[in-house]
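**Q** All chains should be modelled from the sequences, with the hints used to inform the complete structure.
If you want the building blocks of each chain, they are given just below.
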Amino acid sequence: MATTLPSASLPLEETNIQAESQWATVLRRFMRHRMAMISAVVLVMIFTASFLAPFITPFGRDTIDLNNRFVLPFTPNSETGQMHWLGTDHLGRDYFTRLLYAGRISLTVALVSTLFATIIGLVLGVLAGYFGGWVDMLITRTLEFVATFPLFIILLILVTVLLENENLIPIPGFILSFVMWITAVTREREAQVIVLVTVVIALLFWTGTARLMRGMVLSVREQPYIESSRALGGSHTRVMTRHIFPNAFPPIIVDFTLGLNGILVLESSLSFLGFGIQDPIPTWGNMLAFAQSYMFQHPWMTVVAGLPILFTSLAINYMGDGLRDALDPRMKL
Amino acid sequence: MSNVELMPASVAPAQPDVAPIATPASVPPEMILDVRDLKKHFPVKGGLLRRTVAHVKAVDGVSFAMQRGETLGLVGESGCGKTTVGRTLLRLEKATAGEVWFEQRDILKLPSGQLKGLRRDMQIIFQDPYSSLDPRIPVGESIAEGLLIHGIGSRQEREDKVREALLRVGLHPSSMQRFPHQFSGGQRQRIGIARALVMEPKLIIADEPVSALDVSVQSQVLNLMRELQQEFGLTYLFVAHNLSVVEHISDRVAVMYLGKIVELADRKQLFSVSRHPYSKALISAIPVANPKIRRQRIILEGDVPSPLNPPAGCRFHPRCWMAQEICRTVEPPLEEKVPGHWAACHFANDVAASLPKK
Chain Y
1 MATTLPSASL
11 PLEETNIQAE
21 SQWATVLRRF
31 MRHRMAMISA
41 VVLVMIFTAS
51 FLAPFITPFG
61 RDTIDLNNRF
71 VLPFTPNSET
81 GQMHWLGTDH
91 LGRDYFTRLL
101 YAGRISLTVA
111 LVSTLFATII
121 GLVLGVLAGY
131 FGGWVDMLIT
141 RTLEFVATFP
151 LFIILLILVT
161 VLLENENLIP
171 IPGFILSFVM
181 WITAVTRERE
191 AQVIVLVTVV
201 IALLFWTGTA
211 RLMRGMVLSV
221 REQPYIESSR
231 ALGGSHTRVM
241 TRHIFPNAFP
251 PIIVDFTLGL
261 NGILVLESSL
271 SFLGFGIQDP
281 IPTWGNMLAF
291 AQSYMFQHPW
301 MTVVAGLPIL
311 FTSLAINYMG
321 DGLRDALDPR
331 MKL
Chain W
1001 MSNVELMPAS
1011 VAPAQPDVAP
1021 IATPASVPPE
1031 MILDVRDLKK
1041 HFPVKGGLLR
1051 RTVAHVKAVD
1061 GVSFAMQRGE
1071 TLGLVGESGC
1081 GKTTVGRTLL
1091 RLEKATAGEV
1101 WFEQRDILKL
1111 PSGQLKGLRR
1121 DMQIIFQDPY
1131 SSLDPRIPVG
1141 ESIAEGLLIH
1151 GIGSRQERED
1161 KVREALLRVG
1171 LHPSSMQRFP
1181 HQFSGGQRQR
1191 IGIARALVME
1201 PKLIIADEPV
1211 SALDVSVQSQ
1221 VLNLMRELQQ
1231 EFGLTYLFVA
1241 HNLSVVEHIS
1251 DRVAVMYLGK
1261 IVELADRKQL
1271 FSVSRHPYSK
1281 ALISAIPVAN
1291 PKIRRQRIIL
1301 EGDVPSPLNP
1311 PAGCRFHPRC
1321 WMAQEICRTV
1331 EPPLEEKVPG
1341 HWAACHFAND
1351 VAASLPKK
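So the protein lines, in turn, are chains Y and W.
Quick note on numbering: the numbering used here labels position 48 of the first sequence as 48, and the sequence is numbered without any gaps.
Convert by adding 1000 to the 1-based position in the second sequence; the result is the number in the numbering used here.
Just so you know, not all the hints are guaranteed correct.
Unchecked claim - Among chain Y residues calculated to face chain W with C-beta under 7 Å, some are:
| # | residue |
| --- | --- |
| 1 | P224 |
| 2 | Y225 |
| 3 | S228 |
| 4 | A231 |
| 5 | G233 |
| 6 | G234 |
| 7 | V239 |
| 8 | H243 |
| 9 | P246 |
| 10 | N247 |
FYI, nobody ran anything at the bench for these hints, they're computed from the structure.
For each residue, glycine too, the CB sits at the ideal point set by N, CA and C.
**A** Written out as structure tokens, the structure reads:
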């Protein structure tokens, strides 16, 4: 192009709009959603507390103290005088301590498996939606096949089989040591259980995300701006990563929070039924399962063990709610 | 307009199958584009086995040629196939048959690996400025996308080119960081033009570039397109349904009806002496901004027939007031009735004088 000057017929237009990226807009709108903001704070607190557990509480995770069994919340230890904020369980282990460590495991399992499930779903959904034809056929049929599994039962069977033959799937050592570091478990066998549960959940939970993503891609694919990128000579990879993916992605954020919530509860139910991660590794689910055995003598136990699940899943749900509103340009906030 | 032979191909002797890159003797170098008997049929699937049961003949044998630097207006009512012609030329749709000679190459036969080069020389401006820009990408990046895809220039050079292009279409360079939703329709269409312009194309296919804009902005965009044409020697294929717009911007005009060109002529000739009853009816419908002038409007009866099953003979005969027996059986070819004026009508020379009976 030759050197150009502003065209005579068209005066330059200075648009006085603040350049604000879409993400900044989303953040601003999210901040305005009160419940979502409270939930975000609660979640951050739960996360930090879980990961700072050793510095917060004086008790050991598995320290049994038979002289202080079923201690009520807000009662000090009869020997040391240290406060049992949330009481102790049937073996005299401090509830507050165990809930913090349990949160570490429950949250890690839920986060990691939701993350993997979402990634699998995203990739398959984009491929199916963008290419259509036999690719779509293959992926959609696989998806439907997986989705018809009675999830919970498959999960029970798989976990049982894998736990009995823990070397069926070799897990690289660095993953195990990483898991041990994150979740603060000391035995390799425990880490193995955590990894197996995570993997099995991830492999069964991608169908919803894939379906959602496929639908989004199908609608975004027909937008003129996709065609205009193709007309400029953009490759499939470019069109998919630069245009389709960013435009189809926002609902996945909400889907992720809901999935996280579902998996958190799922892992708890699994542990509750005795198939997931077992005592002495605490998870919110298996702690609730034990509390249930003493429900009639010590009803407060179930409340204490159930509270974290309640708060976390409520908070995640509200956050999903806030994100959905913030990401929807039609919503006036 | 020079006296170059602008012969559309349907009149040309049938071309034998040529190798894709070879230059046919009949495409003179001053021709930038020569479209020959272009067809695009969309299959209609139906029944249990999703078999093809019929074809929508969206474009059914369209031929025309374009000279460097000219603007050819392609008009017709909705569904006549004018947009499909544009999209097929760009290979956004796969043509069913025909040849498109662009810069001495039959681009319909180019392997998809060589398409990229073509994409650089041929650009499109889209109809809807609201949805033709990616809402999540700053407009500067949108404009630079073509340069990036073709690996033109360094990062800094690309940015300079974008800045220049924005200035050229009358937008402040600081617009680069903004997002499409922060612009008005007219501004966005100018961004769309900048996007095509930055590639320094030879041919721009403008697919109803102003029909989504309001009238005051339309003229702004049209004048801009014209200035750019003079400055960069661009060739426009201007697809539109608004005759006033086409009259304003085109050097020559082609009128399409039901997948075929029915008349192709110099703008002035076409608007003063039409040689096809359909064009005549269309032109009579242009509103005039003067209440004292009484124009005799021609009201066509009936609807456009389905392109699934176009009428035999002349496609226009069921609605034509001049239709004779021959029109129902023999399809009139697109012929040069007077130099530079093609029409597909058996009674082309009588059209100007005739009017439908009351």
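**Q** State the violated hints by number, sorted upward, taking the hints as numbered earlier in the document.
**A** Result: hint 7 breaks, nothing else.
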